[in-house]
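Start from the sequences, fold in the hints, and give me the full structure.
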Amino acid sequence: MIWNAKYETMAREDLAQVQIERLQSTLNRARRNVAFYRQAFERAGVKVEDVRALPDLAHLPFTTKADLRAAYPYDMFAVPLRDIVRIQCTSGTTGRPVVVGYTANDVRAWSECMARVLASGGVTEHDVVQVSFTYGLFSGGLGFHYGVERIGASVVPASTGSLERQLMIMRDFKTSALACTPGYALALAGALADSGLRPGELSLRVGFFGAEPWSEALRGELESRLGIATVDNYGLTEVLGPGVSFECPSRRGLHVNEDHFIAEVIDPATLAVKRPGEEGELVLTTIAKEGFPLVRYRTGDLTTLDPSPCPCGRTLARMARIRGRIDDMINLGDVKVFPSQIEEVLAATEGVEPHYEIVVDRVDGLDTLEVRVEIAADRLEVDEVRSIEGLKERIARRLAASLAIPAKVTLAEPKSLARAGEGKLKRVVDRRKP
Amino acid sequence: MLRVRSLRAGFGGVEVLKGVSLHVDSGEIVAIVGANGAGKSTLLNTVAGLVKPWSGSVALGGREVAGETAEAVAGRGCALVPEGRQLFPGLSVRDNLLLGAWLRVRREGRRPVEADIAEMEGMFPVLAERRHQAAGTLSGGEQQMLAIARALMSRPSLLLLDEPSIGLAPLVVRSIFATVADLRKAGRTIMLVEQNARAALAVADRGYVMETGQVVLEGTAAELAANRDVQRAYLGKEYRRIEER
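Residue numbers (our numbering), protein chains in the order written: chain A, 1 to 434; chain B, 1001 to 1245.
Heads up, some of the hints might be wrong.
[Claimed, not checked] Simulated crosslink set (SDA-like; lysine to any residue; CA at most 25 Å straight-line):
1. 1018(B) - 39(A)
2. 6(A) - 312(A)
3. 47(A) - 1212(B)
4. 1018(B) - 36(A)
5. 1018(B) - 52(A)
6. 6(A) - 1220(B)
7. 1018(B) - 38(A)
8. 47(A) - 1056(B)
9. 1018(B) - 55(A)
10. 1018(B) - 296(A)
11. 1018(B) - 17(A)
12. 392(A) - 418(A)
13. 1018(B) - 45(A)
14. 1052(B) - 53(A)
15. 1018(B) - 40(A)
16. 47(A) - 1018(B)
17. 408(A) - 312(A)
18. 1052(B) - 17(A)
19. 6(A) - 1202(B)
20. 1185(B) - 4(A)
21. 47(A) - 1015(B)
22. 1052(B) - 429(A)
23. 47(A) - 1055(B)
24. 1018(B) - 32(A)
By construction, these hints were calculated from the structure, which means they are not laboratory data.
Model, not experiment: these values are computed from the prediction.
This is the structure we're talking about:
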């Protein structure tokens, strides 16, 4: 279902006009109201008046996470604090948090972007949507919450916490749509199996999973174990929160809300803009935000862009599902490995759960990779030592084929590895001395 | 209908429009609001062909008209109601209306033009009453109605209104904007430049806020009216009232 036919199915040429208008007015406001941008444009020797067409965006300087941290807490705001009606911030797990302010119009625009995500998964006023993102400073909870209200569906602000309680709500409140991280959904699927409930006893129909990269194999696992369809969606607090892009039923990538954001993909090393289809770092410029406009923000996420038409009727360009974060990339000698590649292999393998840990070490000057994965509970009961050895070998073979580097596989007891909880799960342990 | 891209224009060496982009869809009223000197009227005059742009694009119905003469732009269906009305004060109301259709009289003859005069007199009954009176003897509000009616006589696809409320009493302003709202209901496409942002945003679908020759905000009329900067600068809401809302 398409929420806003005018903007979601607008001819690309008309969209380009909307984008250049909004880009120019955003740049004019950013330069007038944000000291950082005034200085950044001056340093780069660019005049915003020279941005006459969309490709001119490439002449403007980037904004990085470090810039946003240095502006802590309010220096990037483009309006006085009295015009800000909401403040959210990033988790700050890797440094100072980034504080983001929203005006009343920004909150409305955010709700609009989220309504598009939810409508794409078929949510209507008849649905009960359980939002199991952590509420609070993290933008996931309230982002989905306002989108559900905009559509007029019933929102259950379940937040995170006891899985049993989540399942009780899901069963008794007849939850039809679930919004959470894929990791939390996997934990819920495990709790569901333990509880003896069958997916058929729930009213759950669709899951909106996001906020961390998840593989196609994990998608299949979640869909079969929860008996639902899934919709991937993408966003980050710095530019909005959830609602930047979302999947349609055609599943050919995530449609970017291009009337609110301009997406570019760059080479993270040379910073050159890549062509459609070429993988690189996603760079986003907000063109409809009042409180916290960002120009060419480097997201650190790896993807590709595809502006070609989609069978769903939307004309909004699509970005590929996020392959990983540049920060998460593990360098092993000259081989680069993403945790998502390992997850893909594990989720597709019978006999293990996609709960895993990656340990990187250096032995005698050589980088080593160890993957610890939980064995499935039923597997442990029936199988002999020999078949468990066979399972390890099978995983090792598949990993070697996928990663182009050998990995040691260790099987862990069921439920012995960390689960997704409130914060982001740290799956990679790097023991190499820097 | 109208699509303007990165338009620059000025007088002498002074740049007044510093890269303005905007669009008006068919059947829409789009308001351009901003303080005195922001470049609003220069924008309208540049679109209408009265001011030559330095660079940028003006497309009317998909056809590039930037740099064409005012007559050529008018011939493409764009009619300007200039600030200060610019009527012919010594001529009668009727003759002013006829002059509004002079491009058409040459093409279509008198009959359809007479029919349109009758339509205008239906829409603005005061113009029928004052048919033979000299335009200069009309009140300010009546002159503004005549100026709008004269522009409509060219059967424009896009009507450009420059400060229609300027110099008029509040009650008269209200009736002028009621006229604009009626035109919208009749499916007219209008670009409206106004210092009276409150009245303009009340009738418009979308709007652009200009400051020193640049667009600094765009959005639906409701979004602009909800923006606190717009409220402080153009809607005359005092700081205290905003805080109390």
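Quick one: which hint numbers does this structure break? Sort them smallest to largest.
-> 17, 22
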